[in-house]
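**Student:** Given next are the chains, with one letter for each unit.
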Amino acid sequence: MTTIKIERTYPHSPQRVWRALTDRAAVSEWLMKTDDFEAKVGAKFVLRAKPQPGWRGFVECEVIACEPERVLAYTWVGDENRPPMTVRYELIADGKGTKLMFEHSGFRGIGGWMLARFMMGPGWKKMMNVRLPTVLDRADAGHGSLAA
Amino acid sequence: MPRSTDAPSSLDNTLAIANTLVVHRRTAEADVFLAIADPTRRAILHRLANGEQTAGDIAAPFAASQSAISQHLAILRGSGLVRVRSEGRQRIYMLRPAPLKRVQKWISHYERFWNEKLDALGKYLDEEGSEP
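Protein chains in written order, with our numbering: chain A, 1 to 148; chain B, 1 to 132.
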């Protein structure tokens, strides 16, 4: 499974972080507007933002894991033509604070494949960060005929 | 791309453009996927990232026949990842990285999105009133 992983530590108790992840008003504040979120496995809810060209402006979700102050996970369908992805929050008490281990998984198709096979590896990073800019610079300088 | 306004006709217009973009993106993604799904073609892309090469130069390090390599090059051209130009009797191939950049952009969009949201969560927690 192809995944974006982010770790954060917040100087707040797991109870407070959990509340921020599961309270409708809180979620509406820091993530996206919701008026039907429920911290209960099987609960379906919608997260809304401003529609943009190429995006319908809302994400359909269903809670698939809910262990208070430990784990919250829900499906994430931002586009009806793409397979559902999953968003998962895991909380670990860390001294007086909370370590949050966040994952957004389920990148499939070309994006997932590239994330898994290329973008995480040193070969890919070298290609995107070292070689491509050089090729593009050469093109900009008029020594090639690359279309950007 | 036109800016959306409150006028309904302009909104319809924007949606139509959005749909067109989505369809184009899918098609392009499918072709790029096919192109990079093969190890020989990935190796060719990595070689071209160092600079343009003739068809002969590209084929040289591979055990595959020249005609097999030509087929790989045709698929890479179809994906838009590679372009070719003629110089005298030679065909010179060069990388055109824009389609890969597009995919990278889609993923980094999500990375940026979540980093911003998790920052916002931290800010929300900091500003929220009393302990529970």
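Wrong hints could be hidden among the right ones.
[Unchecked claim] So these bits of chain A aren't anywhere near chain B, every CB distance computed over 12 Å: (1) TRP30; (2) LYS44; (3) ARG48; (4) GLU62; (5) ARG70; (6) ALA73.
[Unchecked claim] Sample of chain B residues facing chain A (criterion: CB under 7 Å; computed from the structure): (7) PRO61; (8) PHE62; (9) LEU73; (10) TYR110; (11) GLU111; (12) LYS117; (13) LEU118; (14) ALA120; (15) TYR124; (16) LEU125.
To be clear, the hints were calculated from the coordinates, so they are not data collected in a lab. For each residue, glycine too, the CB sits at the ideal point set by N, CA and C.
**Student:** For every hint, state whether the structure bears it out.
**Tutor:** Verification of the supplied hints:
1. TRP30: TRP30 (chain A) not clear of chain B: closest Cβ-Cβ about 4 Å, inside 12 Å.
2. LYS44: holds (21 Å)
3. ARG48: holds (14 Å)
4. GLU62: GLU62 (chain A) clear of chain B: closest Cβ-Cβ about 19 Å, beyond 12 Å.
5. ARG70: Holds, since 16 Å exceeds 12 Å.
6. ALA73: At roughly 14 Å from the nearest Cβ of chain B, ALA73 (chain A) sits farther out than 12 Å, so the non-interface label holds.
7. PRO61: It is violated, given that the least Cβ distance between PRO61 (chain B) and chain A is near 16 Å, above 7 Å.
8. PHE62: violated (18 Å)
9. LEU73: violated (17 Å)
10. TYR110: holds (6 Å)
11. GLU111: This hint holds: GLU111 (chain B) lies near chain A, its Cβ roughly 6 Å from the closest one there, short of 7 Å.
12. LYS117: holds (5 Å)
13. LEU118: Cβ of LEU118 (chain B) sits 5 Å from chain A, so the hint holds.
14. ALA120: holds (4 Å)
15. TYR124: With a closest approach of 4 Å, the TYR124 (chain B) hint holds.
16. LEU125: This interface hint holds because 5 Å falls under the 7 Å limit.
Figure legend: structure checked against the earlier numbered hints; hints not met, in rising order: 1, 7, 8 and 9.
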